[in-house]
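Asks: Each protein sequence line maps, in turn, to chains A and B.
The first sequence begins at 1 in the numbering used here and counts up by one.
The second sequence begins at 1 in the numbering used here and counts up by one.
Everything labelled a hint here was simulated from the structure, so no lab data went into it.
None of these values were measured; they are calculated from a predicted model.
Just so you know, not all the hints are guaranteed correct.
No copy labels: a pair is met if it fits in one copy or bridges any two.
As the list claims (entries may be wrong) - Here are the simulated BS3-like pairs of lysine-lysine, each with C-alpha atoms no more than 27 angstroms apart in a straight line:
1. 92 with 251
2. 246 with 263
3. 7 with 231
4. 381 with 343
5. 143 with 246
6. 75 with 116
7. 143 with 92
8. 343 with 246
9. 223 with 246
10. 32 with 92
11. 281 with 7
12. 94 with 75
13. 252 with 345
14. 92 with 127
Protein chains: 2
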Amino acid sequence: MSALFGKSRREAPKDELARNATLLIRGGFVDKLSAGIYSYLPLGLAVLRNIETIVREEMNSLGAQEVLLPSLHPKENWVTTGRWESVDDLYKLKDASEREFALGGTHEEVIVPLAKQFISSYRDLPKALYQIQNKFRMELRAKSGLLRGREFLMKDLYSFHADEADLDSFYERVRRAYETIFKRVGLGAHTHFTYASGGTFSEFSHEFQALCEAGEDIIYLCKGCSEAINKEIFKTGQVCPGCGGKEFEEKKAIEVGNIFKLKTKFTEPFELTFAGSDGAKHYPLMGCFGIGIGRLLGTIVEIHSNDKGILWPESVAPYQAHLISASPENKEVSHATDQLYEKLKSGGSRILYDDRDIRIGEKFNDADLIGIPVRLVLSEKTLLAGEVEKKLRSGDMVEMVKLNGAILA
Amino acid sequence: MSALFGKSRREAPKDELARNATLLIRGGFVDKLSAGIYSYLPLGLAVLRNIETIVREEMNSLGAQEVLLPSLHPKENWVTTGRWESVDDLYKLKDASEREFALGGTHEEVIVPLAKQFISSYRDLPKALYQIQNKFRMELRAKSGLLRGREFLMKDLYSFHADEADLDSFYERVRRAYETIFKRVGLGAHTHFTYASGGTFSEFSHEFQALCEAGEDIIYLCKGCSEAINKEIFKTGQVCPGCGGKEFEEKKAIEVGNIFKLKTKFTEPFELTFAGSDGAKHYPLMGCFGIGIGRLLGTIVEIHSNDKGILWPESVAPYQAHLISASPENKEVSHATDQLYEKLKSGGSRILYDDRDIRIGEKFNDADLIGIPVRLVLSEKTLLAGEVEKKLRSGDMVEMVKLNGAILA
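For reference, chain A alone in the conformation it holds in the complex (with noise of 0.2 angstroms):
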């Protein structure tokens, strides 16, 4: 930690609303350059590569293959289909000569026209490709830290199928997908499978909600089971499309995730089409289905937090455990804390090491606020005993364990 970039602060900083922003920048896990536009220090970063592997696995899992699209889109992609003029959010630039580009808030644009030369039979499909990738949204108001970017990473999935019975089984593979991602980061017994608006070609799409009081969405939980409806589409004497229910509860709610039947609302416009085991024409059906990596990483925050600083889920921390030294002066116990890391690090454990020379008190505040699972407490009094004290962050119980055992098992 001594020479780990970035240092806890004990104060919030003064623009910042957001719980998830405030603890992060705390933390030292993340910096604001402006409004809905974060750096991301070393901590910050660990945690988002964490998130980034589980969701990469998952995508893999379900034979999806990663492209990489740019980020400058020619005017004309958009123009194709309409968006140039309605998406409000658009970031516009123009080069030197003139010549007119979009920021990618999204990446139907780019993709369809890609598939496009790729596919051209039924041989050729289904197709899923995705990307985690930078976006970029004029949003009006940015307030809420890392819950709503100007520019914020995110995992996009285009599907392309030759019908609709391949569309809505690829569909479902993605809904479990979904849900283990949610599981594995520490979000499955927040996070609810709710119906929203379908947009022109189908009658719902679905959204991945984490019940929050930091949520800017508003769902409605079914009583009878575990899905919602949005606010959006919720009608009096609404029934719920899962369980046929009609109790529900009022709850904010933070969007981690959305899928999305596009059908052909692209693959029209660019004429991607292919020829069918029937020889004819046909446009391939699309699904379209994101995550938001920072935003991921922002609900986690307000989820698993308290008074004291971030409680990170095993699966995302950007460390296993945080090794203290509780007496750095003393010479014995440094050395014997040395010996632990060095131990600890060559049995492949992940540990931060807070080797400063400052009072023990800060660095307990510092432990609670960086929110390591594990904390590991050496003292002249432990180290007499041949022992670590070992707490979890999400525990008060104090544990005391040899140090020639298994300390993280």
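Given the structure of chain A, go ahead and fit chain B onto it with the hints provided.
Replies: Same frame as chain A, but now just chain B:
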């Protein structure tokens, strides 16, 4: 390969002049969205990630810490350094409330105010921070494929030092790390440490120039040592700063990296100071160190290719071996090839399996175009002998290897 997104193309794209982009597009590695703006398909992304991993490992060896900075930069930051007006290739945009932003083409304007929050004492120095992140530059001409992008992935490293001696010693360490990187990606023999213009604050900056006819730079290569001088600073009667030699050869080259002593050029305008061990306030001295990841990929293709296609160095190749069934219509051969594929994969090898039902000649052409280092072919004849045919992309020799032996050893 029957499922892979991105197909090989027999014909060169009409609007590409650059060899690197032509081969990469024909091989299904990248796609051109607009001049200087490329999408990475799965094969291309695999190469990109391999290069990133090598660069990241060498940055981490230096003790540099990874961060991730935004692309949307508030105008004020660029006004502070005077570069809002002076940098020609800066993309500028306005949001709905007329607030202006630059799209980051470099990140001094973000990293320095960020570092200012955490550097206040000599005890906080040195610090080295890097990122692998998208850059945007409004190039007037973008005709060199991946060698000069309008949007491109770059590794940029920024360091902060208490004194000149510390900057100098870190600068030398980065120079060695860069040499290691270029060696590891297969450009070691081609790349020359080159003296270039130093700007206001230093006598020289240094470039790493890879000899290549497609290069946009001209360098004078010293005949006495392996160092070079960029034409922009080459004077009549020039003496080699490396060895004192006076004989040079004029060569075209691609700038694959540059290292630069910024000193206080950016810490002064942002008033980033630290309290020295002498108690007085000082400006930290900065170094900055760049490698274009996409350009490096393009350079590897320019240098490691022939008329038939690419010859990827093992270290960055998207797969280790390209497995071909010579008679997919023969059930026994096709079954044996499937088995070999599974065996190699489960042994941890990365294999591209051409399971497509097309002519063998086409498969061979595609294997040469895609350029994976090892080609494995199973046919009726080799199967009868219990063998597989092994050929290196870099040679003509064909070797027969026992199917039950160590095939890729």
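Asks: Against the structure, test the hints numbered earlier, and report the numbers of the ones violated in rising order.
Replies: Failing hints, ascending: 1, 2, 3, 5, 8, 13 and 14.
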